[in-house]
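Between the sequences and the hints, there should be enough to build the whole structure, so can you do that?
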Amino acid sequence: MENLHAVARIINTIHKNRGRQEIDSIYKDSRFREDLGFDSLDLAELTVRIEAEFDIDIFEDGIVSTVGEVLGKIGGAK
Amino acid sequence: MSLFFRDTTNSTTVTWDDLIHDIASTQTYNRFCFKTDFYQILKHIIVSLLCREEIILLDNDFTEDELISLVGSADIGCHERPIDKKIFSDIKSKVDLLQKLQPPIENWSITMFTSGTTGLPKKVSHSFQSITRFVRVSERNISHVWGFAYNPTHIAGTQVFFQALLNGNAIVRLFGLSKDEIYKEIEDFGITNISATPTFYRLMLPADKAYPSVVRITSGGEKFDEKATGQITKIFPNAKITNVYASTEAGSLFASDGNVFSIKPEMLPMVKIENDELLVHNSLMGMSEINHGEWYKTGDLIKIISEDPLKFIFISRKNEMINVGGYKVNPHEVEEAIRSMQGIKDVRVFAKRNSVLGNIICCDIVKIDESMDEPTIRTYLQTRLQEFKIPRMLKFVDELSMTRTGKIKRN
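Sequences listed follow chains A and B, in order. Take the first sequence: its position 78, counted from the start at 1, is 78 in my numbering, and no numbers get skipped. Take the second sequence: its position 87, counted from the start at 1, is 1087 in my numbering, and no numbers get skipped.
If you're looking for bench data, these hints aren't it; they were derived computationally from the structure. Quick reminder that beta carbons are idealized off the backbone N, C-alpha and C, glycines included. There could be a bad hint or two in this list.
A partial selection of chain B residues facing chain A, derived with a Cβ cut-off under 10 Å [unchecked claim]: (1) G1176; (2) S1178; (3) K1179; (4) D1180; (5) T1199; (6) F1200; (7) M1204; (8) P1206; (9) A1207; (10) Q1231; (11) L1357; (12) C1362; (13) P1375; (14) F1388; (15) I1390.
So the derived label-pair ranges between C-beta atoms look like this [claimed, not checked]: (16) A:K16 <-> B:K1100: 46 to 54 Å; (17) A:E2 <-> B:L1284: 56 to 64 Å; (18) B:I1105 <-> A:A6: 55 to 63 Å; (19) A:T13 <-> B:D1018: 37 to 45 Å.
No more than 20 Å apart at the CA atoms, straight line, and that leaves these computed lysine to any residue pairs for SDA-like [what the hints assert, rightly or not]: (20) A:K16 <-> B:Q1386; (21) B:K1179 <-> A:D29; (22) B:K1352 <-> A:F54; (23) B:K1179 <-> A:G68; (24) B:K1395 <-> A:N17; (25) B:K1086 <-> B:C1051; (26) A:K16 <-> B:M1372; (27) B:K1085 <-> B:L1050; (28) B:K1179 <-> A:V64; (29) B:K1395 <-> A:E53; (30) B:K1179 <-> A:E69; (31) B:K1122 <-> B:V1071; (32) B:K1043 <-> B:T1111; (33) B:K1179 <-> A:S30; (34) A:K73 <-> B:D1208.
Structure (structure tokens):
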């Protein structure tokens, strides 16, 4: 749960930086492109911010599509 | 019905007949193309060819400031003027249209903008001959279906477009789609050829199954790592993978096998290597506002691995351009934009390696005005720079680290 909050906070930082509305409800099965409106620049920023906080490159083995997949990588690293 | 263009982002499916009908009902022409819809951009290019009018492609995310400094005004609509519709009257079929697009096409040029080595984007123009230099029209290509994975206002996009157009192929937009959508389009439309940046392919990984319809994968713009190549081979078991060396100034120049580029004998007189830098003869270049002299310095540092035949690999860039997913960003341009703000003392823009885009733009900022914050800077930059040039990571620091020569350090 704690990690979900942290990832949701990072997602909203990225939205805010691009001058977009923050998203209230972010779930494990939220998809980055379709549900959260991320493009590849946003995904790149996401990797940098996750890496800074959790010390793991979530894209190292290919793309992650959902918030749950990111949580899986973070969890697996610990 | 034979497909011309498919764009799932706005549910557009255009046949060649639809295209011909749309062209016939065109009333006006504007030499500036500033559009968002890919089909409208491609149609605009075809109309320009038929009318033998120059076309100037403007990125749809150019800001008002950029438009004013690049073309003198943000009011693109005022350049609209009527055209002689007789030009289109004898185009009744795809065959007629392709006939009209047969070379030689004189008195026509296509202009686009690329990140210059100083300040603003620079203008580069190509003739029909130079933009289609590497287009291969052949019977074998007739049934190709192209996955369109570039921005159509950039050189790579226009080159893919011409390859597809002159062979009468179908084009399916893949640019900007999600991974699932991309695979769906490949499957639904039996895409055979894809040309894209390594970033694009990286974003397609991993895949659950193989897509046998694809027979050719082309990439360019940045280095493609072996791990990604291995995964791509599994997804597209029937595809031959080639790398293309290209730049906005020159278009595609040579293809590689893996990371090794071979120069064909007929190209030998056109290239020269000086202090490990690749130089290209100006006869291969598009027309630019800047005179490069007889030899154009590409800024790419290479290592020769065989003299005869000439083969080399790319080592790095000589200049400081940062490659963000195939888009070149000049750190000086970004620094200039940030420095132009009140309350900023100094700034350093640099690249950080990134597994998605190759590089991501970061900056350190020294502020004088304590109230200056990140949202203010971002809001300002959104009016000055294209999105991909805006630093994604922004940090306030007390001072910038310098190199021993007193220059700002970028790495």
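Range first: 56 to 64 Å. Now tell me if the beta carbons of E2 (chain A) and L1284 (chain B) are that far apart. holds, 57 Å
Status of the hint placing L1357 (chain B) at chain A (closest C-beta pair under 10 Å): holds, 4 Å
Minimum beta-carbon distance criterion (10 Å), P1206 (chain B) to chain A: holds, 4 Å
M1204 (chain B) as chain A interface residue, shortest Cβ-Cβ below 10 Å: This interface hint holds because 7 Å falls under the 10 Å limit.
Regarding the pair K1085 (chain B) and L1050 (chain B), is the alpha-carbon distance no greater than 20 Å? At roughly 11 Å apart (the allowed maximum being 20 Å), L1050 (chain B) and K1085 (chain B) satisfy the hint.
Check the hint pairing K1043 (chain B) with T1111 (chain B) against an upper bound of 20 Å on the C-alpha distance. Satisfied, since the Cα-Cα distance of roughly 16 Å is no more than 20 Å.
Per-residue hint verdict: G1176 (chain B), partner chain A, C-beta under 10 Å: holds, 7 Å
Kindly confirm whether 37 to 45 Å is satisfied by the beta carbon distance between T13 (chain A) and D1018 (chain B). holds, 44 Å
Hint check for A6 (chain A) and I1105 (chain B) - Cβ pair distance inside 55 to 63 Å: holds, 57 Å
Was the hint right that D1180 (chain B) lines chain A, CB cutoff 10 Å? Status holds, d = 7 Å.
Per the CB criterion, is K1179 (chain B) less than 10 Å away from chain A? Status holds, d = 6 Å.
Interface hint for C1362 (chain B), Cβ within 10 Å of any Cβ on chain A: Hint holds; C1362 (chain B) Cβ to chain A Cβ min 8 Å, cut 10 Å.
Checked against the numbered hints above, the structure breaks none of them.
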